[in-house]
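K.L.:
Starting from the known structure of chain A, fit chain B onto it as the hints suggest.
If you read the sequences in order, they're chains A and B.
Residues in the first sequence are numbered from 285 upward in steps of one, following my numbering.
Residues in the second sequence are numbered from 210 upward in steps of one, following my numbering.
These aren't lab readings, by the way, just hints derived from the structure by calculation.
There could be a bad hint or two in this list.
To be clear about the criterion: a stretch of chain A counts as covered by chain B if any three or more of its residues have a C-beta under 8 Å from a C-beta of chain B, and this derived list gives those stretches [what the hints assert, rightly or not]: (1) 338 to 350; (2) 367 to 378; (3) 391 to 405; (4) 413 to 424; (5) 533 to 547.
Being a predicted model, the structure only gives us computed values, none of them experimental.
Yeah, the Cβ is synthetic: ideal placement off N, Cα and C, and Gly gets one too.
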Amino acid sequence: MIRLANKHNWLGGLITCAILMTPIVKADEESEKEGLRIATERKNSDRGWDNSLADMSMILRNAQGQESERRLRVKTLEVQEDGDKALTIFDSPRDVSGTAFLSFSHSKEPDEQWIYLPALKRVKRIASQNKSGPFMGSEFAFEDMTSFEVDKFTYDFLREDTYQGDDVYVITQIPQDDFSGYSKQIVWIDKEHYRVRKVEFFDRKGDLLKTLEFEDYTLFDDKFWRPLKSFMYNVQTQKSTELITHELEFGVGLEDSDFDENSLRRAR
Amino acid sequence: MKTVYEEQDKTVIKTILVSAGFLLVSFSARAEVDIGGQAGIEARYFLQDAAYPEQQREYLSAYIEPEFYYEWNDRADSILFKPFFRIDQHDEERTHFDIRELQWLHASENWETRVGVAHVFWGQTESIHLVDIINQTDSIEAVDGEDKLGQPMVNLNVFGDWGTLSAFVLPYFRERTFAGMDGRLRPPIPIDGDNALYESDDEQSHVDYALRWRNSIGQWEVGVSFFDGTSREPELLTQFDGTGNASIRPYYAQIEQFGVDLLKVQGAWLLKFEGIYRTGQSEDFAAAVAGFERTSVGVFDTQYDLGLLMEYQYDERDDNFFATGQNDLMTGVRWVWNDIDGTEFLFGYIQDLDDFETYSGFVEASSRITDSWRWKIDAYFFSSDDETDTFYFLRRDDHIQLSLEHFF
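Chain B extracted, bound-state conformation:
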């Protein structure tokens, strides 16, 4: 089995696993460990013949994500351990293991600390998460970028009437995951994620810092953040070896990023904004996303909720593989049935306003089968005629994904 980890990763993970194992054994002895989690199987079917020779039409895979939780000190202290493993039929890069969380949380009256591997989310918008920067994207998991790799950290949060101030020390960098030779959803040459290049000589051991303040002020949610360290989003470098074979390697620069995220409740409307300014990569740039979500409850005399979402995405960069929202408009509809099974649909369509032929769409649907089983259908569609556009590489990767998830 090939994992996404390099040797250094392996050593770190081994240390973490040994300590986790030790903690688990000692806690299990006291028999108060709360065990839960989820597992599932997933079938991906691609609608078109593959663009590149090694790729397949159908991919089966399975995953498991158990969760071990232990608390003491009248809940003031707790440890959460959440490993993750996926096995994929064809793509050996997608067969991967990760520690999503392994954290010790200590909570006090007006402060808390999190030490270990954790997952932190920042931001307000739906179509793109510009401000969210602490965790690396596990992009091989899903196209939507919502899955994240566990991030080692020491985090202190202090709170009061003035809001919450969060400080992070991030001593270890996680590399983004990419599809392998046998996987879909990649450029003609797979991105060689294991041979990343770094601006810093410390490479993955560079210590990053982040600071964030957030508060709820009446009908407003306000967040301001700063990050100094290794960019989570790489730039791609194409290199040729002696025999003329090309390879694509990710390059992780040292960046500084300022972020602002806002939400305003305006009657039945939620108005959302996220903006960043990043320096340190091949060009300094600003990016922003702004839009709304408006939900109508009990539409057409039913118990259905119907939400309309619209977000405009702007990014100053012209030719970055990962900056797809340069001048794009996302329109979405969220349809919630409010039934016993918790049935939900989300339809989305993103149009590039510079190029009419470049667009993408998605459908996410899910519902409960029993109290512990859920089905999920995700579908993604990509189109572009522009040979330099990211979606051009994915133009034949339209796919439908059916998942069965079990919660225990």
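Just chain A, with the same shape it has in the complex:
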């Protein structure tokens, strides 16, 4: 325990140093405008995909190295001028097989979420204000699983940099929702395709909480970039979750009626 605590302090110290050493750039109108421009371009460069179906694995690891795989399928529907709709169906572990999660993200209003419990044949509404809670025991919070919408944050441009050899913008985004679990996020976005490469999440106290890295970006339908791997690491607990896309298909004919309570009950 002592060793762990020390390690943690050491890490905390390092982070504090890192924060102190970062040149303090005062947010001005210019840098806020540039931050917003980058975020808007990020959203615009990923429009028109309409709907998709993904076959994924979520690999959960705790600090002791215990590992567990969850298989899931995710159906997504793009909603113009608002947040997207998503239906996630769990295939494993077997005791949660058939459990399905439906979410409507909204850019300004609270999200709407339901979960279907097959053993009870029951659809339960979820209080979406609890968005900072873990998604199915993973390091991804519910709010990390919802779609990116420009209106959800305010922005500030920090600097230009390079990330894995590519030129990137580094911007800060501050959640507008009081119930977000984050005080801010720092986002690395590449200049060429406006793809998010890395995110740092800071908790409500302002300490670094998690890092998220996107890897194996692949171009689908000649238009849409998607990472085949997302790696979320919790700096404070040393737990991590890897999200792996095995298959992804766009334009699979999903529509509004595939994202309601009836389809949630039928999902399997």
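P.N.:
Just chain B now, kept in the frame of chain A:
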């Protein structure tokens, strides 16, 4: 082996099984049947000596619930078959077989039909399910009443922006299950569930109807329902034969029941309400339950979720064996660990506000051992000094139940 079924049940089940077998064989031939399910063993230990002579302290049992699923027509059609069987060490009534589901589902753009044996849930509250009426309770399975017997039905659901309208024709009635002579959790004389009395001359063949509309409107979930047919909840009649021996028989009246269920999302709060009005039994009555669930995530700087539940139960009836929530308050705590093993605890306590000595409590805990095994501990406690209260009969039936469940 004695099952819970009467002769009529047996004929119906035989027909269903033969057709199911035929369907399975023909589908298996095409080798696309998805087979899964669960099985488990369970040990129940009662904390006090039994109140009645035939009862035991320890009960072992095992169950299996496989699931066969087949779909065709690009998933527009599917058949699901889910039989269930439990074997109990002592209670021959608890050794029972049921077809939980055997249904053909056809889904279209804005309507769907379910034909066969199915399980349908209605409602929003946690401590009591007043509105939920389609399926009979398999009350011998667990005290909480969450286990249901399969209900034969023809069901049509139509949906649109205005919500979902569901119509049900229920051609066959399922009798509630009760503990036998050797079982715990019963009155001094076991309820003779196989010798039920009916208001309708059609008995189990009476055709029941139900209608429900539900919709999600912004932060609201709204449901309105109507049921016309055989009451799922019996009244109990005590009868004496020529030699003065008493027996308790369930009596199933013809009822009409109106139900309303509501949920409102209010920030981190879920506000819940269910209310019913039922006519046709020995007295017409209203019953309602209202309360909230408030969940805090990441409590005490951990990844734990802590949910607080409170529900007030009201029932106009004074002396019905099954109406325990007449003027009662349930307080509960849901503790979710959000760990890899999916560890969860639910603690509950229900206090009768009319009688301080009448209360009950429960603990439900479970966690994964591996990806396909789960342990579960359920504990129930009952107390009452009132000799007419349901919990008085169960006052020595406090028990702890340990289950090992395997998912395949």
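K.L.:
Against each hint, give a clear statement of whether it holds in the structure.
P.N.:
Evaluation of the provided hints:
no.: 1; hint: 338 to 350; result: holds (count 3)
no.: 2; hint: 367 to 378; result: holds (count 3)
no.: 3; hint: 391 to 405; result: holds (count 5)
no.: 4; hint: 413 to 424; result: holds (count 6)
no.: 5; hint: 533 to 547; result: holds (count 4)
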